[in-house]
Amino acid sequence: MPTRRQFLSLAGGVTVIPVLTLRPLDATPAMLNTAIRNVVGEAPIRTGKVKLDIPPLVENGNTVPMTVSVASPMTLDDYVKSIHVFNEKNPQPNIGNFYLTPSSGRAQISTRIRLADTQKVVAIARLSDDSFWQVSADIVVTLAACTEELN
Amino acid sequence: MAALINVPAKAKRGDIIEIRTLTSHIMETGFRHTVEGALVPRDIITSFTCRYNGTEIFRADLFPAIAANPYLSFFTIAKESGKFEFEWTGDNGYSTTASASITVE
Amino acid sequence: MILWRAIAAAILFAGIPALLAGEIPPDARRSGYSFMGPDTRAMQDDDTSNPGMLFVLDGETLWRKKTGSADKSCADCHGDARSSMKGVAARYPAFDKALARPVTLDQRINLCRTNHQQATPLPYESRDILTLSAFVAHQSRGIAITAGEDPRLAPFVEQGRKLYLQREGQLNLACTNCHDDNFDKRLAGSPITQAQPTGYPLYRLEWQTLGSLERRLRSCMTGVRAQAYEYGAPELVALELYLMSRARGMPMETPAIRP
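In order, the protein sequence lines correspond to chains G, B and X.
Here the first sequence stands for residues 1 to 151, numbered as in full-length UniProt numbering.
Here the second sequence stands for residues 1 to 105, numbered as in full-length UniProt numbering.
Here the third sequence stands for residues 1 to 259, numbered as in full-length UniProt numbering.
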C-alpha cells in the first residue's frame, strides 16, 4: 500500500492526471488493498464510470447475483479491457477478473458470487488507455435461520 | 454433467447480443472443513473462455468466491454466422467444452 | 451466533399464548416463491439462468440411459417423459399396493430400479436420484398438486398432520408454530414461509445444490434441535404426504429456487 509520501511524489510526477482518489476506497483491509494493487499496480484509481448491481440486502450469501457495467463507447480506441471484482471479508479477496474486447459491444458482465458476511464489494475497470475506475457497494448478508452441518 | 448455453439463434449484423452460460460445478472453496475437522481441498473452475469463430471474445478468471454452478453473462457484437465455443478449465485437470451456433443476417 | 438468534426468536414465540393451529384457508396459501426477493424470483423464472435446470438436463440423460441387469432405461418402459410423466409428481407421495403404504417419488424411482431394471437403488440425496426426480417432477411444472386424494392414504395423511402439529426438540416447536401461525414474520433475517412444498426437488441457494423435501424437513428438525428422522423413515414420508396434500391445488414449480 503506498504511503502518503509515495502518493505525493507519485502525483508530483504525473501532473497531467487529475487524481480524484489515489488509494482504493477507505476502510478496506490490507488484504483487499494488496489484491487490488496486484492488478492495478501503482496507477491511480478514480471513482466513477463503473456501476455495480448487487441486491443491497442479500437473501443468501452463498449465491448472490451481481452485475458490473462500465460507461464506455466500446470502440476500437476507447473500450474496457477488463473488469476486476474484489471483496473485503471472504477468506480470499478476489472474486473474478473479466477480460473484454472492443467487439464486446457493451461493457457489462453478470455472475453469481459468495459473500461470507456483510461487507464491501469493489469493482474496478481498466480502460483501453490503461486508466482505472472503481465503484464500491456495501452489501448486507442475512444469515439463514436453520443451517445444516456439513455432511 | 450439463451446461446451459443461451445464445440467440439469429441476429442482425451489428447487433449487440447477450450470451449466458451456466455450468455444473461444485466450486469447492478449499476453506471449508468437515465435521471431523479435515480441510476439504479446493476444487474450482479457474478459467472460462469464449471464442467466436476461433477468436477469443471473452475470458474470465474465477476464484472461490464464485458461487457453485457458475453463471456468466456477457455481450458481443454479432458479426458473422458461425460458432461460439466455450471452455471451462479448473483444478484437478477439469476441462469441459460446449458450443452454440448463430445465424447472422 | 445464528443459533442464539434462533433461540431468542423461539423464546419470543414461546411467550405468545398458544394459538390454535390454524389451517391456512385455501385462497390464502402462498408458495415460498412469494416470500422471495426479486433477484431470487428472477433466477427461478428464467430456465437459462435457473441452476436447477442443470439437474433436470442431467436427469433427462439418465432417463434415457440403460442400466441394471435388465439393461433397460426408464424411457424403454415409460417412453417420452413429457407425456408419460406429466402430472405424476403432483400426486406423490402415492400409495403403493404391494407395500401397503405411501412411497415418495424418490422411493418409486428406486422401486422401479430394483423391480424392473434389476439395478441397485440410488442412495437418498445422491446426485442421480435428485436429477431423475427433478426431471420427472419438472414434467408436472404448472400442474396442480393432487397428492393425498387416494382414500387409502387417509391414515397416513392423518399421521403426517399429527407430526406437523407435534412440538419437538429442545426449542419445543411444532411445524405449525412457525408455518401456520407466524409465516411472513422473520427468523434470523429470513422470512418464515408457509411450508408449501410446491417446487421439490429444488435448488436452495444455501445448499448451492438441488435437494429433496426430506433434506429440507431434516434441516428444520435440526433447527429446532430435534433428532431428525432418517431419510425414507415412515414419519418423514407421512409428513411429506401431509404437506403435499395441504398444498393440494397449488401449481408445481420444479425446479424451484429458494434462498
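The reader is advised that the hints may include incorrect statements.
To be verified - Below, computed lysine-lysine pairings styled on DSSO-like, alpha-carbon distance capped at 27 Å:
#1 G:K81 x B:K83
#2 G:K81 x B:K79
#3 X:K97 x X:K185
#4 X:K86 x X:K66
#5 B:K79 x B:K12
#6 G:K89 x B:K79
#7 G:K81 x G:K51
#8 G:K49 x G:K120
#9 X:K185 x X:K162
What the hints assert, rightly or not - Every beta carbon over 10 Å from chain G, so not counted as near; a handful from chain B, in silico:
#10 A9
#11 T29
#12 K79
#13 Y94
What the hints assert, rightly or not - Just some of the chain X residues that point at chain B, by a computed CB distance under 8 Å:
#14 S49
#15 P51
#16 L57
#17 D58
#18 S83
#19 S84
#20 M85
#21 V88
#22 S219
Bear in mind the hints are in silico, worked out from the structure with no lab data behind them.
Just so it is clear, CB atoms sit at the ideal spot from N, CA and C, and this is done for glycine as well.
Here's how the hints hold up against the structure:
no.	hint	in the structure
1	G:K81 x B:K83	holds, 23 Å
2	G:K81 x B:K79	holds, 20 Å
3	X:K97 x X:K185	violated, 42 Å
4	X:K86 x X:K66	holds, 22 Å
5	B:K79 x B:K12	holds, 8 Å
6	G:K89 x B:K79	violated, 42 Å
7	G:K81 x G:K51	holds, 16 Å
8	G:K49 x G:K120	holds, 18 Å
9	X:K185 x X:K162	holds, 24 Å
10	A9	holds, 18 Å
11	T29	violated, 7 Å
12	K79	violated, 7 Å
13	Y94	holds, 17 Å
14	S49	holds, 6 Å
15	P51	holds, 4 Å
16	L57	holds, 4 Å
17	D58	holds, 5 Å
18	S83	violated, 22 Å
19	S84	violated, 22 Å
20	M85	violated, 19 Å
21	V88	violated, 22 Å
22	S219	violated, 15 Å
Going down the numbered hints, you'll see the structure goes against 3, 6, 11, 12, 18, 19, 20, 21, 22, while the others check out.
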